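J.: Use these hints to put chain B onto chain A, whose structure you have.
Line by line, the protein sequences give chains A and B. For the first sequence, position 108 matches number 107 in numbering that gives the first Met the number 0, and the numbering has no gaps at all. For the second sequence, position 263 matches number 262 in numbering that gives the first Met the number 0, and the numbering has no gaps at all.
The hints are all genuine.
If you anchor each label on the Cβ, the simulated ranges turn out as follows:
#	chain 1	residue 1	chain 2	residue 2	range
1	B	Thr88	A	Ser214	55 to 61 Å
2	B	Pro224	A	Gln19	46 to 52 Å
3	A	Gly77	B	Leu256	56 to 62 Å
The hints are simulated quantities; they were obtained by calculation from the structure and are not laboratory data. Only a predicted model underlies this, so the values are computations on that prediction, with no experimental measurement involved. Where a beta carbon is used, it is the ideal one built from N, C-alpha and C, also for glycine.
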Amino acid sequence: MDTAQIPQLPQTSPWQQHWQTRRDPFVDECLRARQSLLADLKDPAGAQARVLDDLIDIGAASLHWKEKGYDVIAADPGSFRSVLPIMRYNDFVDEIDRETRTKGGILSCSPVLRWLKTSGTTGTPKRVPYTLHWLLTYRIPAMKAMWGTCLEHHPEILAHPWATLDTQTVREDVYDFVHGVEHQAISNRHPQLNSRDWNPPWYESPWFGPDAPTSHAGRMYHRVRNLVGKDLHYISAINPSTLVSLRDLIAEHGAELVRDLREGTLYGKPWTDPDERAAAHLERTLAKAEFSLVDVWPSLTLYSCWLSASAELYRPRLDAVLPGVAKLPFMSCGTEGVTTIPVDDTLESQPLAVSQAYFEFVPAEVPLGALLDAGEKVGTLLYDEVEEGRDYHLIMSQGNGLYRLWTGDIYRVDRIEDGTPWIHFTHRDGVFHSFTGEKITEGQVTQAIRQGLAAGGLETGLYMCGPRWDELPSYTVVVEVPEPTDELDRELSGAIDRELSVINIEYASKRDSGRLAGLRVRTVAQGAIAAYVESRRQQGNATQYKYKPFQQDVDFVGALVSD
Amino acid sequence: MIETIRPPQNIRREIIDVPCGDTRLALHVWRPERIKGAVFYFHGLQSHAGWLWEVGPRFADNDIAFFVLDRRGSGISPGPRGEIPEAGTVLDDYAQAAAFVRAMIGDTVPLSLFGHCLGGSFMAALMCHEGFTTSYDAAVFCSSWLGRMHATLDADTRQTIASDRGEQLWDAGLRAADFTDETKYQHFIDHDDLAVRQLTRRSRAVLLDLEQRYLSGGPTTAPVPAATFVSGITDPIVDLEAAQSVFQELVAGRGALMRFPTDRHYLFYTDVSDDLVDWTSTYTLLQGVNRGV
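Chain A on its own, in the form it takes in the complex:
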């Protein structure tokens, strides 16, 4: 064989060879996925019809559809909305239980490869089926289309193997199983399920692999240690708090990092060649009181994360941490599916991902939950029936078998372009706040307060809860007790914070990683909250004012508690 014809890879480590081998195919796959998305956005009717056909094809022969008689939809696709009911996750639980035993064939005709774990409203983590069909047809193409947008605008992010720090996804070993099948967060892309699974060039990089520490701080340190001193161009995150905490971590562990760089160590153990230049640079950077990530990496050209809704409140902080760096928004998505995918650098709005799911909308002012509880049929609007400037409940049917799922998310339609709505997430229906993705529901906080009080032999009455914005945000709760004391405040603060961490795993994660401060409880005498509510009622519209345990701010604290 003529060896001259074989492309010669430089003498590099296996992870760098993987990067070199995957780079061009990855760019090509991402740009093609983006082109495909752009074409669908210009023909939303065609895209939605195609998705609907696919959902019927993957659903009609499922056991659930056959048992319920839903398979009649196959002969009349137009009956999709009239035959299938609007569902909440809990409505699927019995079928999901069956599917955990069969691993497919119950809700859709595709094998379930893993179960996706996410917070449930009752404290039990959800199990969202991650099927082969969903992976191949929807989830991976969505990731690629989003990265296609990044690559289209910033090709330098794949200039070399150290150019991109991806914190969106991780690779962690999984130890939780549901009847033999892995139960893990969607952001954990480990292990690779097949060669069409997510496989970016950095998949084998040392700061990305399963050998990195699993704790937030440990993993962050590992990433930084690998990339400080390199020409990093891009930091990709989902939550803005990740970017802020990255800077804070460098500040906190600066001396350790400098030592590791100078001595060629990792956590003080021999690891690689010493890098005096990088050590000296970091040392000078750390000496600045308010250093930014640009001081650490002058080569930074781009970052991305969620930048709308409550995440928008982080923008001033991000501008301080990443001054002058271009930004792209992260897609609007959850474990249950993708809703929007960015196609340009518009921060506040993205096109509805018409190729990702079959979407329906209900005006936000419609009390959807109450109507569904009452067993009423609720009419829905399609993508071409929504109006600019209005807010809607989102209902989506995904290719994993979860049809007509009321997500609980409220979206605002910003504009219509080529027939496709551009929308943004505004808030959760019934959710008062989410600083950094923890999505605390009223039910969760109520449960945490009830359990925290019960442990001290106290009954739960009226309470109020609000978000306190600070360098480290937190929640403040005011509860009524027979005898308010500072000591009781402290006891209940710890107890309710612990209960909430058990109930909401995202909250626990944000607490563990230091992105949220502990919940603070202030006790007031019984009747105080009711009196406050009454006083507010008299100030405003008396008939429409009602007690809301969840507040948009902590103004109520000052009115209720006298320090």
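T.: Just chain B now, kept in the frame of chain A:
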């Protein structure tokens, strides 16, 4: 043949409600985009189709449609747990399901029968059953102790079992550690609430009846086109030598023997699983080659 230069395919997983006698049973199928071969799997005593969530997709990705019938009382099929119906009933169920599979895949697609452990005993009895008329192209017995009760129990004991109509439960004494070394699978086996671990005493009489049918009725009603007995190098549950001897009598001495490098019983929960699926896939596909003879 298997197309080797292509990415993984979008295989389907369906559960078909198949009419069998007076009931309907769950026939599970993992199906490739284009079916080039098929395997009909006979599950063992405690397992069911839900155990094969990794095996089914790999077969299908190899262009093999993989079928598993949950017997009455097993998996998600109806029927009392721990109860095996009369041998004639269960064999008729299998015959109907196999005929359904043949009709679904068409006459020209090669079809292998694959019996695991006790499933091999059901399969051997079916191969000697007059009501079974579906054409098949290969038979694979996997870790099956064919003729076990006749080999290990004396005539008096067998007579006692055969006449026992009791409903008391008999514990099969299966241990997950004999099946696999891997914690993940051991945990699954130990916590699988669909698994059958005990049988009624009268069900043991059925198992004896099944053995009787192929021990006295063999060789099979029709010549077996190709047959192989596969197992680990050793097996903690099965006397391989005794089992293989019965196997050879069943297939008129034409059987091949194959061993995979493991000492556990449930090959699909060991490191050899992928190799076993791939070997069975090619074995099945090759039966479909038109040799012009």
